[in-house]
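Student: All chains, please: the whole structure from these sequences, using the hints.
Respectively, the protein sequence lines represent chains G and L. Counting from 1, one number per residue, gives the positions in the first sequence under our numbering. Counting from 106, one number per residue, gives the positions in the second sequence under our numbering.
Think of the hints as simulated: they come from the structure by calculation, not from any bench. The reader is advised that the hints may include incorrect statements.
Said to hold, decoys possible - Simulated pairs of lysine-lysine, BS3-like, Cα-Cα distance not exceeding 30 Å:
| hint | chain 1 | residue 1 | chain 2 | residue 2 |
| --- | --- | --- | --- | --- |
| 1 | L | 225 | L | 127 |
| 2 | G | 100 | G | 78 |
| 3 | L | 254 | G | 68 |
| 4 | G | 90 | L | 304 |
| 5 | L | 379 | G | 71 |
| 6 | G | 78 | L | 265 |
| 7 | L | 254 | G | 60 |
| 8 | L | 336 | G | 78 |
| 9 | G | 15 | L | 304 |
| 10 | G | 86 | L | 304 |
| 11 | L | 318 | L | 304 |
| 12 | L | 446 | L | 462 |
| 13 | L | 127 | G | 68 |
| 14 | L | 265 | G | 68 |
| 15 | G | 68 | G | 90 |
| 16 | L | 225 | L | 248 |
| 17 | G | 100 | L | 336 |
| 18 | L | 254 | G | 86 |
| 19 | L | 385 | G | 60 |
| 20 | G | 15 | L | 265 |
| 21 | L | 304 | G | 78 |
| 22 | L | 196 | L | 283 |
Stated by the list, open to error - Partner residues are not named here, just some residues of chain G that face chain L (Cβ under 8 Å, in silico):
| hint | residue |
| --- | --- |
| 23 | 20 |
| 24 | 22 |
| 25 | 68 |
| 26 | 71 |
What the hints assert, rightly or not - Each pair of labels, with its calculated beta carbon distance range:
| hint | chain 1 | residue 1 | chain 2 | residue 2 | range |
| --- | --- | --- | --- | --- | --- |
| 27 | L | 426 | G | 60 | 25 to 31 Å |
| 28 | G | 8 | L | 386 | 42 to 48 Å |
| 29 | G | 71 | L | 312 | 32 to 38 Å |
| 30 | G | 51 | L | 388 | 47 to 53 Å |
Every residue, glycine too, gets a C-beta built ideally from N, C-alpha and C.
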Amino acid sequence: METTVLLNKTIELDKDGHLANREDWSEELAQELAYQVEVGELNDKHWTVINFMRNEFEEKGDAPSIRKLNKQSGVSTKELYQLFPKGPAKKAAKIAGLPKPKGCI
Amino acid sequence: MKKIVILGGGTAGTIMVNKLCKALSPADWKVTIVDKEETHHYQPGYLFIPFGIYGEDDVVKPKKNFFPKEADIIISEIDLIDAPNNCVYLKNGNVLGYDYLIIATGSEIRPDEIEGMVDKLWNKSIFDFYTLNGALALAEFLKTWEGGKLVLNIAEMPIKCPVAPLEFVFLADDYFKKKGMRDKVDIILVTPLDAAFTKPIAASELGGFMREKGIKLVTEFSIGSVDNDAKKIISWDDREVDFDLLVTIPTNMGIEAIERSELGDELNFIPTDKETLQSKEWENIFVIGDATDLPSSKAGSVAHFESDILFENIMSAINGEPLKAKFDGHANCFIESGNGKGLLIDFNYYTEPLPGKFPIPGIGPFSLLKESRMNHLGKLGFRWLYWNVLIKGRELPLEPQMSMAGKYVPKTIENETIEENP
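Tutor: Structure representation (structure tokens):
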């Protein structure tokens with residue numbers, strides 16, 4: 001199991017580099033993760049997306065797709081790409097402490 | 106008299122109607138199949154049409170040739186599925202009640218989901234090959250095209266037949282070589298994925314082919330719009346790719362009747378138990394083929410393997426028994442690599458495509474994840490099997506469950522990519 005040290009704490013990661021244990025997540029940690037994936041300082045819009053994702057995951061057991069975020073979170077696809085450049089669904093899931101959204105094959 | 110209604114007479118629906126009519130007594134059961142089209146299309150054949158290898162006659166036959174005489178056949182579009190009241194409203198005015206409903210309505214391309222796609226360049230410099238008309242129009246265009254930038258773009262996942270984009274660029278490379286104009290064509294595959302394919306071992310193998318053939322790859326590109334005047338596609342994060350010829354694989358979605366019936370997710374695919382194929386919401390509705398939201402490939406081989414599982418589970422449901430058969434996500438796809446050769450991949454929910462021999466371990470005759478002439482012949486021969494055996498619901502000597510026999514895991518990636526099969 002891979003680990004990383006964030007906020008002076010050793011944290012376990014899954015095979016995609018996302019948090020292995022969701023209980024390790026905190027708002028401060030989310031900010032650290034955001035710096036790691038080059039999203040930078042989190043603003044209110046970022047938090048709208050992150051909170052929407054966490055609620056969806058709680059209900060459905062899977063992180064939502066970009067299409068669903070666009071339809072239901074009130075943040076448009078265009079904005080999602082500005083907030084989380086290059087792959088918003090993947091990056092936002094990582095910052096939200098959720099596993100990588102299930103891949104489609 | 107009890108009633109089973111099957112919506113959709115494509116690969117999955119046609120196999121199911123044949124299996125059910127054979128097993129159920131017509132005195133006790135009425136089996137009805139509904140489809141909007143009179144003709145059955147061999148969709149894997151669309152790929153060959155742009156390059157003049159197949160024509161329309163190779164891929165189209167009357168549907169009635171493949172339906173059993175015991176079945177009630179209705180040609181109509183579907184208006185609405187009223188699941189709480191167990192009935193389906195058709196556009197032709199019919200209302201069909203059911204005891205069990207099988208939804209096999211597939212997926213369709215939606216170029217209208219992308220801004221600027223269906224505009225003044227549509228069917229002039231922008232084509233699809235996921236419809237018969239698109240593939241035929243592209244064939245006409247290619248006959249006289251003098252070259253330039255050929256961009257193959259995948260809009261978003263999931264798509265039907267995830268290997269088709271790769272096959273298209275491989276065959277295009279071959280086609281232009283044979284025409285003596287490969288040096289006049291730049292072939293670029295533009296994908297939202299981070300590699301040539303979704304699965305790491307196959308992606309690395311297929312990526313190698315792309316490099317050998319001089320095909321360029323642009324990754325993590327999610328198309329936002331098409332600029333018809335400047336002839337470029339633009340991603341949501343403002344990257345641009347110029348084209349002279351754009352071949353698009355647009356957004357794939359379930360049919361609109363699913364949305365109207367409030368049975369689908371944001372792409373109109375129906376939440377389905379990935380093992381039993383029962384609808385997650387309605388006990389007497391089952392879903393098969395591209396219409397499901399399963400994390401498996403959307404492909405004919407998947408529909409075929411699912412049909413064995415679904416048949417067993419429907420029979421269990423009819424007899425009041427628990428649903429015992431479990432689908433493992435098995436898919437099996439021939440991949441054309443050009444120059445009369447091909448690859449074969451075989452995988453499921455838990456195991457990605459691996460090298461080896463298929464179906465007989467150590468012998469083959471097909472090689473997994475490796476280029477061979479035999480694999481290409483297998484792909485061409487499959488069309489005969491499809492029309493004559495597969496969709497008629499006859500047995501093929503292939504188990505629905507994937508087998509690890511004859512496969513091996515390349516040493517370098519062992520432990521990393523293989524998940525436990527529960």
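Student: All hints are to be evaluated individually against the structure, with a verdict given for each.
Tutor: Okay, the hints, checked on the actual structure:
Under the criterion of a C-alpha separation no larger than 30 Å, the hint pairing residue 225 of chain L with residue 127 of chain L is inconsistent with the structure, at around 50 Å. Distance restraint check for residue 100 of chain G and residue 78 of chain G: the Cα-Cα separation of roughly 21 Å lies within the 30 Å cut-off, and the hinted pair is therefore satisfied. Proposed proximity of residue 254 of chain L and residue 68 of chain G is contradicted: the alpha carbons are some 33 Å apart, above 30 Å. Distance restraint check for residue 90 of chain G and residue 304 of chain L: the Cα-Cα separation of roughly 17 Å lies within the 30 Å cut-off, and the hinted pair is therefore satisfied.
At roughly 25 Å between alpha-carbon atoms, residue 379 of chain L and residue 71 of chain G fall within 30 Å of each other, so this suggested pair holds. Under the criterion of a C-alpha separation no larger than 30 Å, the hint pairing residue 78 of chain G with residue 265 of chain L is consistent with the structure, at around 26 Å. For the hint pairing residue 254 of chain L with residue 60 of chain G, the CA-to-CA distance comes to about 43 Å; that exceeds 30 Å, so the pair is violated. Restraint check for residue 336 of chain L and residue 78 of chain G: the C-alpha separation of about 21 Å stays at or below 30 Å, so the hint holds.
For the given pair, residue 15 of chain G sits about 14 Å from residue 304 of chain L by alpha-carbon distance, which is consistent with the 30 Å threshold. As the CA atoms of residue 86 of chain G and residue 304 of chain L are separated by approximately 20 Å, the hinted pair is consistent with the 30 Å bound. Taking the CA atoms of residue 318 of chain L and residue 304 of chain L, the gap is near 21 Å; set against the 30 Å cutoff, the hint holds. Annotation: proposed proximity of residue 446 of chain L to residue 462 of chain L holds, straight-line Cα distance about 16 Å (limit 30 Å).
Distance hint between residue 127 of chain L and residue 68 of chain G is unfulfilled; the C-alpha atoms sit about 42 Å from each other, more than 30 Å. As the CA atoms of residue 265 of chain L and residue 68 of chain G are separated by approximately 20 Å, the hinted pair is consistent with the 30 Å bound. At most 30 Å may separate the alpha-carbon atoms for a hinted pair to count; residue 68 of chain G and residue 90 of chain G meet this at roughly 14 Å. Proximity of residue 225 of chain L to residue 248 of chain L is assessed by CA-CA distance (about 21 Å); at most 30 Å being required, the pair is judged to hold.
Proximity of residue 100 of chain G to residue 336 of chain L is assessed by CA-CA distance (about 34 Å); at most 30 Å being required, the pair is judged violated. Under the criterion of a C-alpha separation no larger than 30 Å, the hint pairing residue 254 of chain L with residue 86 of chain G is consistent with the structure, at around 24 Å. For a cut-off of 30 Å, the pair hint linking residue 385 of chain L to residue 60 of chain G stands: about 12 Å separates their Cα positions. About 27 Å separates the Cα atoms of residue 15 of chain G and residue 265 of chain L, which keeps this hinted pair within 30 Å; it holds.
Simply put, residue 304 of chain L and residue 78 of chain G have alpha-carbon atoms about 28 Å apart, close enough for the 30 Å limit, and the pair holds. A hinted pair counts as satisfied when its Cα atoms are at most 30 Å apart, and residue 196 of chain L with residue 283 of chain L does not qualify at roughly 48 Å. Here the hint on residue 20 of chain G is broken, as its CB sits about 15 Å from the closest CB of chain L, past 8 Å. Given hint, residue 22 of chain G at the interface with chain L, is violated; its Cβ is 20 Å from that chain's nearest Cβ, farther than 8 Å.
The interface hint given for residue 68 of chain G is met, as the beta carbon of that residue sits about 5 Å from the closest beta carbon of chain L, less than 8 Å. Below 8 Å, beta-carbon pairs count as interface contacts, and residue 71 of chain G has one with chain L at about 6 Å; its hint therefore holds. Distance hint check: the CB atoms of residue 426 of chain L and residue 60 of chain G are about 30 Å apart, consistent with the given range 25 to 31 Å. For residue 8 of chain G paired with residue 386 of chain L, a C-beta distance near 47 Å keeps the hint of 42 to 48 Å intact.
For the pair residue 71 of chain G and residue 312 of chain L, the supplied restraint of 32 to 38 Å holds, since their beta-carbon distance comes to about 33 Å. Look at residue 51 of chain G against residue 388 of chain L: about 34 Å separates their beta carbons, and that is not inside 47 to 53 Å.
Hint compliance for this structure: hints 1, 3, 7, 13, 17, 22, 23, 24, 30 are not met, and every other hint is.
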